[in-house]
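Peer 1: Residues per chain are reported as follows:
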Amino acid sequence: MKIEDVVCTFCGCLCDDLVVEVEGDRVVSVENGCTLANKKFMGNNRLKTPIKRDGGNWEKVGLDEAIQTTAEVLLDADRPLLYGWSGTHGEAQTIGVHMAELLGAVIDNTSTVCHGPSIMAIQEVGHPGCTLGQVKNRADVIVYWGSNPIEAHPRHMSRYTTYADGFFLKEAFHERKVIVVDIRKTETANIADEFIMVEPGADYALLSALRAIVRGKGDMLPLNICGVEREQLFRVADICKSAKFGAMFFGLGLTMSRGKYKNIRNAIELVEELNRHTKFTISPMRGHWNVYGSNEVFTWISGYPFAVDFARGIAFYNPGETTSVDILKRGECDACLVVGSDPGAHFPRDCCRHLAGIPTIQIDPHVNATTHLSRLQIPVAVTGIDAEGTAYRMDGVPIRTRKVIETTYPSDSEVLEKIYQIIRKETGS
Amino acid sequence: MFGSIVSYIREFARREWIHKFLFAKTAPLTTPVYSRGFPELTGKTCTHALFCMMACPAPGAIEVIHLDDGGWEPRIHTGHCIRCGLCVEACPNGVLYSGRILESMFYDNTMLSFSFRIDVDTNRCMGCGNCAVACPVNKTIDAQMSHGGRASTDELLLKVSEGKCVVLHPEKCTGCKTCEQQCPNEAIRVARLLEAVHAPEEEL
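Residue numbers (this note's numbering), protein chains in the order written: chain A, 1 to 429; chain B, 1 to 204.
Do not take every clue at face value.
Partial list, computed: chain A residues near chain B (C-beta under 7 Å) [to be verified]: (1) D17; (2) E21; (3) Y163.
In short, the hints are calculated from the structure, not lab data. We put the beta carbon where it would ideally sit given N, CA and C, even for glycine.
Between the sequences and the hints, there should be enough to build the whole structure, so can you do that?
Peer 2: Structural data, given as structure tokens:
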């Protein structure tokens, strides 16, 4: 059976035009999706049952027992951390925030090691953004700064930006200019009209230089700015200023390099300068398929997008203090629930060591690096394949993901709801 | 040593030498009729065969643009064009001319024989779909493909299937190399074999 318009739940592009062929309870082919989508839908290395660490071995446990154990661990903890949430649907994230409030826990999503700085910059100076549909139909200049969509968001260029014909751009890639700024010549740079190779950590200086040029103060700049010829920056500034509609996309090359949120603030202010000449927008290249959703859900319930600490009985947000890496680095938390992410593969060594030393429980369909740090893992249905739910695309557009095969696995929401009900009962709320 | 310096000075001090050096006349520069300039349009109708792009050895030198009236037109980017004239020879409709290429082909009874083959290296392909969306043949077959990579028919030249670019109908390929030039991973190669041959009598 062929199912059309299936949503891919891998990256922030949330492509919703996949055609998936299903035989019984398994996907047999994927059309229109990139390599990442194909692997996600065709993958068959799912964990079958909940597993619990018993000394040096793993033993299989029942779902109810696993759920009961999870609730008890969280209830026993003085400073529990609920981390992840970007790889699950909005309904599960909602339960997570309510659970954190009840437990007085810290709840944090993957933005904390990803686009958290982007959010902090946006909180300071605003977000001149737009949907990807606007970019597709209008943008004649595309800037990728510190991001490599060909590797991380493979269909971004063919579906939303450079190659897709739009309402005002009939000959898409002939009419669009692509500018790539990165520390190395990436695959995306191979097909760029202009590639700026920036020295690592020099993004802030380069953004400031571009701001000066757009302001008409380019003459005061040195001939070489952090390894980039001034003439090239003049050329790039001219391309940006003469655009009918420009769109800048930035990735972790900007958010997680020296300068962090100050880089993003500078980039947003460059876009503000460019808007004196033309229309220009800026948007983050969000990684996980529903990381934007976790920011939305956290914000509409608690008021803050990530790193929300309920220990005081009210929501408290202070990046640098209530962010997961800092809490783990200080050895502060005494239990951790990981949902829909893999901190074992991304967190610093000290944090992973602390996770391995405390009761860490993971809710995830697959064995991953975090499994090796966990004491218990509960496999669940994969949203977008055997569970449905709401996700937010990288530009903030909510999309309902679909369930394409029948399953015996519970969804994230079902497991979390059961844990939540036990916690409610035990805390008498 | 001293003697040779004196002889040099004596040679260059000659009035005749100085006069020739300062007032030498060369023939005025004119473009000879056989000069091959950048290709220009003859006015004949372009049928979007794209053989000009296939034959062109200079990346980014020629592209065939869709006009507002629905027709097509080759456009030369002079910064990239190396004036080899292969596009003029390859065009089946004589849309382009440059120097005496068309006349020479007629009088010498020659034509450009070519074959090409498109290959995808699936190990390198990320399935980004840039090739399938940019492909000018795909654009004429399926507008949904050119508007964002959704394949609504299997009549397409190439599309992304199972996470990799797949060539469905190689016979529709014109060898224009758009896919090759837009592939960020160098996963697509369009191999071409061109040779000038004498046309058979019936071709005249």
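Peer 1: So, for every hint listed, does it hold in this structure?
Peer 2: These are the hints, each one checked on the structure:
no., hint, result
1, D17, "holds (4 Å)"
2, E21, "violated (10 Å)"
3, Y163, "holds (4 Å)"
In this structure, only the earlier hint numbered 2 is contradicted, and the remaining ones agree with it.
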